[in-house]
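Residues per chain, in single letters:
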Amino acid sequence: MIDNLPLSANFNESPLLIQVAWIASCVLLSVIILLSIYLKIMRFHLRKKDKDNAQFKNEYEAYLIEYLYSGDTTGKINELQDSIIQKLKASVSIKSKRKIIISVLYNLMNEVSGEMSVSIKQLYYNTGLINYALKRLESKRWHIIAKGIGELTRFKIDEAHHKVSKFVNHPRSEVRKETQLYLVSLFRFEGLSFLNNLTTPLSEWAQIQLLETLQKFDDQQICDIRPWLKSTNDSVVLFALKLAQIYNQFEVQDTLMELLAHPKKQIRISAIQVLTHLYGVEAKELLKANFNDLSLEEQICFFGMLEKLVMPSDEPFVEKYLFHKNFEIQLLALKILKSINIDKYMGLSETTTTEKDSSMIKLVNTL
Amino acid sequence: MKKIVLAEDNTTLSLLLKFRLEKEGYELFMAKDGKDALDLIETHEPDLIITDIMMPFISGLEVISHVRIKLDMDTPIIVFSAAGQEEMVLKAFNLGANDFMGKPFSPNELVIRVKRLLTVIPIS
Numbered sequence: 006m007i008d009n010l011p012l013s014a015n016f017n018e019s020p021l022l023i024q025v026a027w028i029a030s031c032v033l034l035s036v037i038i039l040l041s042i043y044l045k046i047m048r049f050h051l052r053k054k055d056k057d058n059a060q061f062k063n064e065y066e067a068y069l070i071e072y073l074y075s076g077d078t079t080g081k082i083n084e085l086q087d088s089i090i091q092k093l094k095a096s097v098s099i100k101s102k103r104k105i106i107i108s109v110l111y112n113l114m115n116e117v118s119g120e121m122s123v124s125i126k127q128l129y130y131n132t133g134l135i136n137y138a139l140k141r142l143e144s145k146r147w148h149i150i151a152k153g154i155g156e157l158t159r160f161k162i163d164e165a166h167h168k169v170s171k172f173v174n175h176p177r178s179e180v181r182k183e184t185q186l187y188l189v190s191l192f193r194f195e196g197l198s199f200l201n202n203l204t205t206p207l208s209e210w211a212q213i214q215l216l217e218t219l220q221k222f223d224d225q226q227i228c229d230i231r232p233w234l235k236s237t238n239d240s241v242v243l244f245a246l247k248l249a250q251i252y253n254q255f256e257v258q259d260t261l262m263e264l265l266a267h268p269k270k271q272i273r274i275s276a277i278q279v280l281t282h283l284y285g286v287e288a289k290e291l292l293k294a295n296f297n298d299l300s301l302e303e304q305i306c307f308f309g310m311l312e313k314l315v316m317p318s319d320e321p322f323v324e325k326y327l328f329h330k331n332f333e334i335q336l337l338a339l340k341i342l343k344s345i346n347i348d349k350y351m352g353l354s355e356t357t358t359t360e361k362d363s364s365m366i367k368l369v370n371t372l
Numbered sequence: 821m822k823k824i825v826l827a828e829d830n831t832t833l834s835l836l837l838k839f840r841l842e843k844e845g846y847e848l849f850m851a852k853d854g855k856d857a858l859d860l861i862e863t864h865e866p867d868l869i870i871t872d873i874m875m876p877f878i879s880g881l882e883v884i885s886h887v888r889i890k891l892d893m894d895t896p897i898i899v900f901s902a903a904g905q906e907e908m909v910l911k912a913f914n915l916g917a918n919d920f921m922g923k924p925f926s927p928n929e930l931v932i933r934v935k936r937l938l939t940v941i942p943i944s
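Each protein sequence line maps, in turn, to chains L and Y. First residue of the first sequence: 6, per this note's numbering; consecutive thereafter. First residue of the second sequence: 821, per this note's numbering; consecutive thereafter.
So here's chain L without its partners, still in its complex pose:
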């Protein structure tokens, strides 16, 4: 009987819980239908946008190739090139098109060298794209500034040096990193002069990126790093220590020796490591004399130095630490003795009394 009643009457007669369930189902169904329609429209727009972008990309690629091959040896802009510049100029004012043009130019600039690379850079100027990048530097938003500097770096716009270098001490690390990469990518070792004025910390990642950028250059003639080794910014000192090691800066050994008395332990340890790399024999004698005043990490590091720079005259010093309570110091001391006086080392197994020491000797025997 209920089946023959109208739907509204059926609904009104049903319990409250069923009514709520029906209403919820209807609302959810409507939401699903609306979302499906929205999704469909959104997908249509995204596909259309992708299609348009691909079409613009093809169009701009063709313009770029035509521009590059229509140039003559004099480097002057001819009529055809000028018409291409005008067409591109008309598009760069639209953000989405500007992005495509920049990506097309950059994709090619990265892959070709010589005259073509210069022509692409020239096109970047002539189309007015550079003005948009420079305008980004005036933005109040940090990510826009960082993007602007990144673009100027990619297109090697060294004329923006003064505008970019003012961001060296920007509060955001991302902006600072882009600024540092701009300076080093474009001005090589000279670009490192930003370290003179750097008051903010230079992160480990930024240091790695700078070193990687520097190693790409053919000319590896490094400038004087002494001022950075004496910097009041600890991260600058640590970076300069890395430079001293990578570029074998034997001439800065005196400054490195001064760093052995630096208030920061990390810097003292790094200085020992760099002096080890640079065969700093004088540092070895100094550290040996002050061994008991060193922290445990420095003592371990010093034994690492001794392993590399050991002389027969160091034997009495090493002997004092053959049974040191620290595993690393004892291991290094035994290894050093083995390398400079094998007879004395072999005799140790007979004189040792503790199980720990005889195990250590057995371990060193296998090395």
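Honestly, the hints are just simulated from the structure, not real lab data.
Pairs of lysine-lysine residues, derived as PhoX-like cross-links and limited to a Cα-Cα distance of at most 20 Å, are as follows: (1) Y:Lys923 / L:Lys221; (2) L:Lys126 / Y:Lys923; (3) L:Lys62 / Y:Lys838; (4) L:Lys340 / L:Lys361.
On the provided structure of chain L, position chain Y as indicated by the hints.
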């Protein structure tokens, strides 16, 4: 007309090289990845293959290996490599590549290398 298969995933660079090499009188077949390159090589049996090392689906190294081992072709192969891919270049030579060019490179230099490889007369 000598046929060249050019495998390069950077469409702008492909177009630039196509334009340049066609101007020199070569017939170009363009592949945007290694898979396309192998199809074109098997279909057209080109006189020269130019391939990038890093490509989607099938790498340049796999293309060289396929050409030399599976197809048993002695078609000259020029390889493009980016900075830091020195080991890849050695592998490419071991697999049978004839020449390589590091990116960024000059398209004019590529044309000279292409001409040199296509005009060498085998001793046998």
